[in-house]
Each structure stands twice: as C-alpha cells, then as structure tokens.
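Undergrad: So the protein lines, in turn, are chains U and X.
Under our numbering, residues 1 to 329 are what the first sequence spells out, in order.
Under our numbering, residues 330 to 648 are what the second sequence spells out, in order.
Any given hint could turn out to be false.
[Said to hold, decoys possible] Below, computed lysine to any residue pairings styled on SDA-like, alpha-carbon distance capped at 25 Å: (1) U:Lys205 <-> X:Glu473; (2) U:Lys22 <-> X:Glu473; (3) U:Lys325 <-> X:Arg608; (4) U:Lys205 <-> X:Asp575; (5) U:Lys205 <-> X:Lys332; (6) X:Lys332 <-> U:Pro269.
[Claimed, not checked] Across the chosen pairs, the derived CB separations fall in these ranges: (7) X:Glu641 <-> U:Cys128: 53 to 63 Å; (8) U:Glu208 <-> X:Phe613: 50 to 60 Å; (9) U:Arg123 <-> X:Ala559: 32 to 42 Å; (10) U:Met89 <-> X:Arg342: 37 to 47 Å; (11) X:Thr393 <-> U:Glu150: 51 to 61 Å; (12) U:Glu150 <-> X:Asp350: 23 to 33 Å; (13) U:Gln154 <-> X:Arg411: 27 to 37 Å; (14) X:Leu352 <-> U:Glu271: 57 to 67 Å; (15) U:Asn109 <-> X:Thr399: 31 to 41 Å; (16) X:Thr393 <-> U:Pro301: 46 to 56 Å; (17) X:Leu352 <-> U:Glu150: 50 to 60 Å.
Hints were generated in silico from the structure; no laboratory data involved.
Glycine residues also receive a C-beta, built at the ideal position from the N, C-alpha and C atoms.
One letter stands for each residue in the lines below.
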Amino acid sequence: MTSANTSVLDIQDLSIEFPVYKGAVRAVNGVCVRVGRGEIVGIVGESGSAKSVTAMMAMRLLPEGRFDVTGGSVTLLGRDVIAAREEEMVDIRGRDVAMVFQEPLSALNPTQRIERQMLEVIRLHRRCSASAARALAIRLLGDMRIADPEQVLQRYPFELSGGMRQRILIALAFSCDPKIIIADEPTTALDVTVQRQVLQLMRAKARELGTAILFISHDLAVVSQFCDRVYVMYAGAVVEEGPTGVVLGTPRHPYTRALLNALPERVRPGESLQSIPGSVPNLSSLLSGCAFSPRCEHAAPACSGKPQLADVGPQNHRAACWLVKETLP
Amino acid sequence: MSKTSLLSLDGIRVRFSIGADWLGRPTALVNALNGIDLSVMKGEVLGIVGESGCGKSTLANVLTNLVRPTEGRMAWAAGAARQLQIVFQDPQSSLDPRLPAWRVITEPVFLRERRSSADLRCLAGDLAEQVGLRREQMDRYPHEFSGGQRQRIAIARALSSSPDVIVLDEPTSALDISVQAQILNLLADLQRSRGLTYILISHNISVIRHMCDRIAVMYLGQIVELGTAADVLARPAHPYTRLLLDSVPQIGRALDAGLPIGETELPSNRRLPQGCFFRERCLFAAAGCDQVQALATLASEAHLARCHRAGELAATLHP
C-alpha cells in the first residue's frame, strides 16, 4: 500500500508562495500527501490551512503566473504536474482526474441544459457517438439515484435543487472512469439529509470502480465517516496523518486534540467549550519553528525548531510535534 | 427556567407571491410558513432546527418585523419592553463597511435616543469589553477584524439596546470550529449574566444540543416537533426528527448507520402536499397520514409532535 508505484497522487514536500506587494504569502510550507490506488483520503483543516490550495495544485488549477512553487514535487499518475505543459494537463483533467467543487451552481453553465453539458465532457474524453454518450449519461444519473434521468437532462441548472445539482456533478466526475477524484468540500452547501445520501452514493461508486478520492473538508465528523486515511493541516503544513479512526480516535498532535475538544459534542450541554486561544499565524511573515506553538498549551523550548512528521503509532500514524514522544501521553 | 411567556406567535402564515401576470396578479405562491404556534418563555434558549427551505429564516424575519405575516399574529407579554435584536449568519455582510466599530455597535441606540457621540463611544467601549474586544479597537472598520471578531461586534450591537429577546440566525456557521467554540461560550456567558432570551436558529444539531433548553423542529413551514432538548434529541417522536438526527455526521459512527434513507429531497413549497407534509418521504406512512396532522402532546405535556402514529412508533424511533 505504501510503495510509490501504486500511488495515484504523490505530493512531496510541496511549498507554494503567492507574491503580493513587497512580499509573499507562504501558503503551503512543505506538504506531503499521498493517495494510493482506490483509496479515500481526507484533508481536514480550518480556513487558511491551505487544504484547498494543495488540492488545486494537484491538478494545477491555480492561476497561471500568480504563484511560485518554491520547493517539492507533485506527481499525478506518474506525471510531474509542476513541469507538465498546459496541453498535457488539459488532456488528463476530466478524464483521469476529475474535480467536484463546493458550489454546484457555479460549476455548471447556467445557460445550457444538463444534457449538453454532460455530453460535451463525455464526448471530449471518450470520442463516442452522441447517442452512446447520452445512454451513458442516463446510466450515470440513475446510479446517483436520480429518479427521472431523461427529464433531468432537459433541465437547466437553476431548475434543480442543490442536492440534485451536486449529484449531477458527481455523476459527471465519474463519467470517464477517472483514477482519482478531487472533491473540495463537495457537501458543505448541502443539507444534512442530502449530504448523507450524496456521501453514501459517492463512496459506493468509488468502491465499485476502484476510484481514489482526495476529499477536502473542514468537518471532522464528515471526514471520520467518509475517509480511510486523513491528513490534518495547520498553517500550510501537515501536522498529523494516519488511518481516520486512529487519528480522530487517539489524536497525538496538540492541534488535532484541541480541534476535537472544541466540538460542542465533547462536553455536556451548557458546559463551557474548550476553545483554542489566539488565532492562525500570519503567513506573510516568516514562520520559524512549530507554527502551532504560540497557541499550544504544551509549548516548550524545543518548539522553536520546525518539527518533522514522525511515527507515533502503528499503521503509519504520524505527527509533527517535538513533544509527542516525551511529554504528551 | 421560569415559565412566563414573553412572546407568542399564533397561527403565523407567510406566503410570498412570485411572478405576475399582465395585471400584476401573482402567478404562483411560495408557502414559506404554514401555521406556526409558538411561545417563547422568558430566559430560555429556544432552538429552531430544520433543513434549508423549511422556513427558519422567514420565521426570524417575522420575529424581527422584516416580513409581515400573511395571517396570524405575534403578541408580546404585558410589561415586556418589546425589544428584539438579531445576529446574522455572515458577519461580513451584516456590518456596514463604512462605519467604525463603535458606530456599528451603537447604531440601534443612536436610532432611538440620539445620545451624544462621547456617550455612544463610551457605551461601545463597555460593550466591546463584555464581548471580548478591546476598547481601543473601536475606531477600526469592520474589514480590519477577523471573522470571529466581527461576529463579536454583531453580538455587541445586538446587546446595545438591551433587548428582551435576541434572535441568533446561524451565528456560527460561517466560523471555524475553534472560533465557534469561543462565540458559543460568549453567548452562553452573556445569556447567564444578563438573563437574556435567545431564539437560536441553526441547522447544526450539536450546536443546538449544546445551547438550547427547548427545541422546535421545522419542516416545510410547520413545527413538526417541540419539546425540551433532552426529549427531542433522545426520544424523537416525529419520523422527520429521527431522519434529521440520523443524518448528522458524528465522529466514530458509520455512514450507513441508522434508519435507511428514502426520498430525501424537501418537497416544493409552491404547492403544499395533502395531509401530513412528510408523508412522501416517511418510512412509516400508513392509513390516516392523508389527514391533516395537528401538533399533539405526547407522554409529557411539554413534548409535542405532529404525527398521529407518534405513540405507536415511540419504540422504533428512539435511537
């Protein structure tokens, strides 16, 4: 499972800067993320943790010329994404790698019927006849438990509900049998009952086809239910990784622990919640040492050096913290 | 919790017209609220949960007089100051970007009383300290604050006119988990120290569970279940409440756990269903569900559900 040749996405030590007036925002600081074949992997973090930037960079969807990769590598299906020509990326986007975004209304063209939009994607990558593409579209929508696919194809996006639109986009993402789907908060805009259904359908389909999913979310509970493995990010770096049940069940990094303890379900109703003091660091100034140390209750002199991910338990459970071996139980 | 009613809603219905023909007559109606009967007790935190489109926000707008009900009335208890304030979901768009923080916070007072600027500034400083901001930050503009700080400003603004009731419309859904914890602690502290009454509208069940004394579950513009937080969350009596509770993601619970899900889309509120509004999606629909359902009391008098099978389903529905 861990050997390099079975991974569909391999991000090694990636650092990205966004130039701004008289300086740069160091958004990503040495991220390592690996997604194996058929594996469902989550990235969880608060706003500003660079989870979306990391996902966008995996498909090189960041605005051309507005960012600098200052280190590391991104390998997607054996291709070097950073060095690849744009035509190569266009070729694999949508076919081998598909993306599902948070807001389904802005991901669909408001002036075209669903049929035209779905057929365009399918025929671009599959080179099949219109009637074959249409049959495939109907089958995909049926798999997403859309009751009347023929009718839905004739609709415009604004005529459909949010849950329906997101199921269409997920159907579209699966249309060309991708090796990996990158889903950036795909259910955040949906209601909980619809979210549960969409997640169930998406996971069943991915398991059936052996598709890997990189799932970006801020919701720890959703990640815990959906993902096999999880990466917890803070200030542009991975602070903890491992199997989802292990990381969220027995977290070792102080940030993961603080995040879980801040959830309302961790205390009895009415008791005071454990919030994390302070705020996320300003990424335009140079960070030295552990980025979480100013807010960490266990901070010690050792924290002025930058910690590396180190094994803290079985099944590749790793955390980036100096104290995790000694003081933290 | 004292039992005196502060504010009562009686048969509130709201219909919006959409589209118009050449004579200006509406071509279609949206039935946003379909008969809401609810009393808000003094000093309680009343939670309102439901999916988008169930009428939660229309209810908030009726309470704040931003929308006039088509039918029904809202009545304050005798002696109440009839003051109500609201904290909105998005602290970015609910604060005027061109006013400094002290003006934002004191605007409700400014509009009513025309006090001197020095007086208002002093009031803003006092309120800022109560919500965890610093007095010297009050000359800054909203864009200079973080999301959590902006929500603190919105809370200070709601407090400034000393209202009886504060409507909290999704106060933490735009915030990160760690900031959400800070804001919920602040709201709970203020409620205790000032004896405030909150109406907390949220789709987040864990926030509702944490904050509320009583919970009203809304579906398609009606209250389908009403009771104490313990009753509604631990012993749900309406099949919809159970569906909602099952769907809330929880750490360590399998995605497929709970009752199976059938048709999950909220039906359109353009043309209301006949009989029970939840019938089409309900796993337990049976004879009699085509009749209009009334909100009826269950085992305890404070626990009500709009389902004629609530009694016989009790054992099946408890998680």
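Undergrad: Are the hints correct? Go through all of them and say.
TA: Verification of the hints:
Pair hint Lys205 (chain U) plus Glu473 (chain X) does not hold up; C-alpha atoms about 45 Å apart against a cutoff of 25 Å. Note on Lys22 (chain U) and Glu473 (chain X): the hinted pairing holds, with a Cα-Cα distance of about 20 Å set against a maximum of 25 Å. Between Lys325 (chain U) and Arg608 (chain X), the direct Cα distance comes to roughly 56 Å. Violation of the 25 Å bound is thereby established for this hinted pair. Taking the CA atoms of Lys205 (chain U) and Asp575 (chain X), the gap is about 22 Å. The hint holds against a cut of 25 Å.
The hinted pair formed by Lys205 (chain U) and Lys332 (chain X) fails the criterion: a straight-line CA distance of about 52 Å is larger than 25 Å. The hinted pair formed by Lys332 (chain X) and Pro269 (chain U) meets the criterion: a straight-line CA distance of about 20 Å does not exceed 25 Å. At about 54 Å, the beta-carbon gap between Glu641 (chain X) and Cys128 (chain U) stays in the expected band of 53 to 63 Å. A hinted range of 50 to 60 Å is violated for the C-beta pair Glu208 (chain U) and Phe613 (chain X), which are about 31 Å apart.
Between Arg123 (chain U) and Ala559 (chain X) the C-beta distance comes to about 57 Å, which lies outside the given range of 32 to 42 Å. At roughly 55 Å, the beta-carbon separation of Met89 (chain U) and Arg342 (chain X) lies outside the given 37 to 47 Å, and the hint is violated. Restraint check, Thr393 (chain X) to Glu150 (chain U): a C-beta distance of roughly 45 Å breaks the suggested window 51 to 61 Å. Our hint of 23 to 33 Å for Glu150 (chain U) and Asp350 (chain X) holds, since their Cβ atoms are close to 31 Å apart.
Under the hint 27 to 37 Å, the C-beta atoms of Gln154 (chain U) and Arg411 (chain X), about 52 Å apart, miss the expected range. For the pair Leu352 (chain X) and Glu271 (chain U), the supplied restraint of 57 to 67 Å holds, since their beta-carbon distance comes to about 59 Å. For Asn109 (chain U) and Thr399 (chain X), the Cβ-Cβ distance of about 37 Å falls inside the hinted range of 31 to 41 Å, so the restraint holds. Against the hinted window of 46 to 56 Å, the Cβ-Cβ separation of Thr393 (chain X) and Pro301 (chain U) comes to about 53 Å, which satisfies the hint.
Between Leu352 (chain X) and Glu150 (chain U) the Cβ separation comes to about 37 Å, which falls outside the hinted range of 50 to 60 Å.
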